[in-house]
Amino acid sequence: MKFLHLGDLHLGKSVNNVSMIEDQRYMLGEIIRLTRERQLDAVLLAGDLYDKNVPTEEAVALMNDFLCALAESGVCVFAISGNHDSDIRLDFASSLLTGRGVYIAGAYNGTIPHFDAEDEYGPVHFWLLPFVKASRVRYFHKDLDTSTYDAAVRSALSGAEVNTQERNVLIAHQFVTAGGQDPALSGSETRRAESVGTVEKVDASAFAQFDYTALGHIHRSQRVGSDHIRYAGSLLKYSLSEAGQDKAFPIVTLGEKGDVRVEPVTIKPLHDMRHITGRFAQLTDPANVTEPEDYMYVTLTDEEMILDALLKIRRIYPNVLKLDYNNRHTADIENFDITQTASQKSFPEIIDGFCRYVLGREPGEEEWKAINAAAKEAGILDETD
Amino acid sequence: MKPIKLVMSAFGPYAKETVIDFTQLGPSGLFLITGVTGAGKTTIFDAICFALYGCASGKWRTPASLRSDYASPKDKTYVKFTFSHRGREYTITRSPAYERAKLRGSGTVGQKEEAVLERPGQPPIEGKRQVDAAAAELLQIDIGQFRQIAMIAQGEFYNLLNAGTNQRTQIMQKIFMTGGYKALSGNLKDMADAAGTQLKEGRRKIAQYYDGIRCMEGSDTAEKAAQIMKAMRENEAAPLLDEMEQTLQEAAAQERELVQDLDRKIEESGSRQDQIRQRLTLVQANNRLLDQLDGQMALKEELEERKPDILLKKEETARQIRAVRHVHPVYVQYTAAAESLLEAKEKKSAQAEKVRRCSEQAEQARQQEAEAEELAVQEEALRLQAGSTREDLEKYRRRGELTAQAEALSRREEKLSEEAKRLRAQIGKLDGQIEQDGQRIAQLQNAAADLARSESRQSALQDLADTCSQLLDTVTQKYPEVLDTLHKAQAVYREAEAAYKTASQVSLDTEVAVDNARAGILASHLLPGKPCPVCGSTDHPAPAALSPQACTEEDLKAAREKAEKARKTKDAALSDVQTKAARAAALQESIAAQAEDISRRCVSGGAEDEDVQLPTDSAALAGPLRGAAEHLMKLLETEQKRGRQLKKDADACREAGQRRSTSLQTLQQKRHDADETHSALTQVQKELAGVRSLLSSMKALPYQDEEAARKAADDLTAQADALHSRRQAIREKKEKAQQALTQALSLEKAYQDSAAQAEDALRAAAENLNGALAQNDFEDMDAFKASDTDEKTIQEAQKEIDEYERQCSLNAGMLEHLQEQTKGRSREDEQELTEQVNTLDGQIRQMRTERSHAAESMHINKDIMQNIRKEAGVTQKLEKQYAMLRELSNGFNGTSAGRVKITLEQYVQRMGFDSIIAAANRRLDPMSEGRFELCRHEDAQDISNKNALDIDVLDRFTGKKRPAGSLSGGESFKASLSLALGLSDKISSDAGGITIDTLFIDEGFGTLDDESLRDALEVLAGLSTGGRLIGIISHRKELEDYISDRIVVERSADGAGSTVRIEKT
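Those protein sequences? They're chains A and B, same order as listed. Following our numbering from start to finish, the first sequence increments by one per residue and tops out at 505. Following our numbering from start to finish, the second sequence increments by one per residue and tops out at 1076.
Possibly wrong hints are sitting among the right ones.
[What the hints assert, rightly or not] Partial list, derived from the structure: chain B residues whose beta carbon lies under 8 Å from chain A:
| # | residue |
| --- | --- |
| 1 | 192 |
| 2 | 194 |
| 3 | 897 |
| 4 | 899 |
| 5 | 919 |
| 6 | 968 |
| 7 | 1017 |
| 8 | 1018 |
Simulated from the structure, these hints should not be mistaken for laboratory data. Glycine included, every Cβ here is placed at the ideal spot set by N, Cα and C.
Please construct the entire structure, taking both the sequences and the accompanying hints into account.
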């Protein structure tokens, strides 16, 4: 059995106010071609299929096309809802779709739906665990331990009667740690899961009973704890920090029980996302310009501000997403410490600075006398100063 | 200021008491207030604002509108806000003024505004004004500033960003406490002003000094000086010291010259004047001599003229001398002697007269003496009499006593006898009275008993009469009534009987009919073939027919019932009749009984004079009964009358009895008294007799009583004394007369002698006088008298003569002398010379004045010079000082011409402001993804610095700066938020000044697109430091995903206001 592990499609997302729908459409088209080429049996979608609770019309249309195309090809689709999706909306007509080989798990209702497929080696069980909150698990399993998030997820999984003799694949959308170590983020994840308050983390050991765990939520493709627990990574580069990472989606081949092979496959997107740094003159030198259609993050290192920098750069890179500067000035801004302010300056320093500014010179001795006298009367200085 | 707990009651949409416990929110310090539109999110901020400042958070809400419309009149509107500030906890409870419906009655009543601030360790503060002031002091910022830096209300975000420099200055002042710098600048200005004034003063002094310069009039120097003065007055500029010095020196030199010149001239004139004076003196002397000579000559002539007169006078004077000195005394002697002679004579004759008188008197006296002898005898007799009378005085007294005694006794006797008589009379009367009373009593003894009997009889009669009348009533009324009832009942009965008969008849008929009908009914049911119920035959040839009067069972029953009822009625009527009959009979019996009784009683007691027999028959009873009753009444009346009379008698009897006993008592008393009186009387009489006898035994006395006797004795004595004294007087008189006579005689003798002497003396004096006259060449007395004057006149004349002579000799001498001196001399004119001298004098004087004037001027100018120099020294120093201070002041106060105009305060603020902007940029950079940067507006061209604290935005995309107001809505929000966070950073990092570690943001996130929202929230999420609290109101759902601590405000469906709960996910 061969299947493609995808996740975090975030259909309908805009990056820096630029809609990525066309790029997404291109990617999905490539994926469909891939499935046909490689004769895949299934495609796994590990959550965050849409970018918003109420996805845009274009996103919905695109998903529609995607699923239909896959179904036409006879490819099964196993999809779960992620934290960005509306699990209930995703559930729409899901039971009807099962007939066409599209299996969607949206809202958690106490049990983990599983669907069985067959191959020459026997049955393969696909377990679909959508993104859940601890409170929801608690609601369905009052008697189980849900004191931590980890415990809650384990409690939810406990309801799955997994026959470890047979092959089982889990699809989940979680923040999984391996032995206490967090997965590497790519930067475009929203920090919600680890945001202020409780951190919703699950340890990889919870998935020990599954032959392969297809995870979503982290946008960087990576393994967690074991080769068989993986993040597919997001469909496209969705933030500046991903500009340097290339996306590679795992194609998983299940042989006999115990035989799990993973092959990462790269798909070239319509437009790459790149980050270039340098001086304006350099960057705009036509000799240095490659792939102008790419989505660009431009960082200028000029000390002086360039007039109409963005405009000028856009003439060269029409799809420039963001422009910023990295020079001494911006470094100062970043490193600014509020505690070092005027109030820390001493009185003589202030006066000295002021006189230089207004009179063009330091105050003389007589002037200092007068100033001190006036200051004492104004109460700024004590008698002892 | 960090919120701890908020309680709202009847406030905004919160109808009931609503509590928000901020401590329940997580430690992160970032929380969300979420809810549908109008649920009451902003109201929470309003409540906090209101509690602290007494106003709502936004411009558009007023405190009066804060009362919940959902509240019942009972619910009070108030806000209770507990917060910590600098480590201490405070609670403010505030309620606005509002109108609420009255609990009773209709209409509204106003609720006053109230405020209370509770502080730890101190008593609470109450009253809106006091609490406002205390809260302002605590927080150190007013509501305007609070709204800019701590609570950013809906729609007011941009205020902070776009606030003008002036507004911002105020906030900066509070935050950076730059007030001191402002004061410093002010002080410098004051110092500069003071120095300026001093300088001006110094210069003025110099000018004043200089004004006193003395120059020669019309000289160049004077002109120059005038110019200098003018210039100085016009410009008030630095004094032209050099020019002044020069002019002063010039003037001084001039003056010196002048002085010298004048000195010289004065000396010259002086010496000339002396010369002339000398000459003048000579001329004058000469002239004087000549004048004198003339004078003496004239005098001589005069003296010559007088000479003859003088000679005459001389003669006369000689004569006078002789008269006065020599003759006059003698003459005086003579006159004196003559006078004394006269006197002596007179005395003599007078005395003779006196002698005669005295002898007469003596004679008289002797005669009287003889008479006096007789008087002595009289006197003696009187004395004797007086003596005897005195002896009898005692006896008088005694007699008087006795008489008085006798009188008293007789009076007493009279009284007593009268008393006795009176008593006797009384006793007699009493006896009579007693007698009378006794008789009376005997008469009326029985009255009481009779009275009792009469009374009982009266009652019996009354009773009987009553009974009669009762019976009469019964007979006349009750009985007929009863009979009547009986008759009626009987009638009813007869009717009922008749009815019953009819009814029973009907019943019977009906029964028959029914029986008959029964057959018919049965017959009607007969069906051919069906057996007859009666007989069983199935053949019914002739069924009974229903009678037309179908009387059914019901009819029968009815009839029977009716009959039964009628019977019952009849029976009832019968019994009724029976009862009534019985009653009538009973009544009849009772009447009869009563009548018998009455008759009996009449007989037995009462109407003894007539037997009243009453028939027992009721009918015939009425008349006799009435008659009996009347009769009884009459008897009763008579008896009653009798009774009354008896009563009177009984009372009278009792009275008499009482009187008698009292009288007896009195009688006894009186008898006793009478006895006593009698015995007393006897006593008195005895005494009286005794006294009388004593009196009669006393001798008769001439006088009335002692008093008269005494008086008589005194009279006699007095008479005797008078006589005695008279005798004495006579004797004395005689002796005196004798003495006088003797004296007069001797005196007469003396006078005679002296008269003779005086004659002699006179003779001698006359002789002397004649001799003197002859000696001094007087012819006679007349001649003498003519020359007789006094010494004084002589002296005067002598003096005159001497004077004349002297003058003569003097004059002669002078003449001689002068003639010698003026030999060969003549007169000269001295007028001209004198004039010359005077002129010169005047000139010299003038010159002297001029000189002193000039010397003075020199001196003055020298002084002026010194003063100016001194003052100039001071002024120079002042100038320097002033210049320095002025420059400093201008610099510090931003009033330097041509230089950057910024005050020290603004400068300091700018530095602080820069730090805030830098802090803001630290947030804005990530929020705007490196695109925007805030900076302070700097305009090199504009040195007025009016907009020194305005904010510009640098757009890195274009590399240009533009004003902050040009940002779009969402961009503005990001910038404002960054700025607010920067301010908040600044404020919380400082130890002093304001302590606001809370930031509330009301909406505004609606203007952000999704990415911006994410960016903004990323920034906010990173703000979980230092215990700061950031509260956000938003209705955007995305925020719920990002912020786990929430205050959820829900609007209740039933319109009962909103509720609040805290959620943590």
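Outcome of the hint check:
Restraint check, residue 192 of chain B versus chain A: the minimum CB separation of about 7 Å is within 8 Å; hint holds. At a threshold of 8 Å, the smallest CB-CB gap from residue 194 of chain B to chain A is about 3 Å, leaving the interface hint in force. For residue 897 of chain B, the interface hint is violated, since its Cβ never comes within 8 Å of a Cβ in chain A; the closest pair sits about 11 Å apart. Annotation: residue 899 of chain B was flagged as interfacial toward chain A, and the flag holds, the nearest CB pair being 6 Å apart, inside 8 Å.
Below 8 Å, beta-carbon pairs count as interface contacts, and residue 919 of chain B has one with chain A at about 6 Å; its hint therefore holds. Taking 8 Å as the C-beta cut-off, the interface hint given for residue 968 of chain B holds, the closest approach to chain A being about 3 Å. A distance limit of 8 Å between C-beta atoms decides the matter here; for residue 1017 of chain B the minimum to chain A is near 17 Å, and the interface restraint is violated. For residue 1018 of chain B, the interface hint is violated, the least distance from its beta-carbon to any beta-carbon of chain A being 14 Å, above 8 Å.
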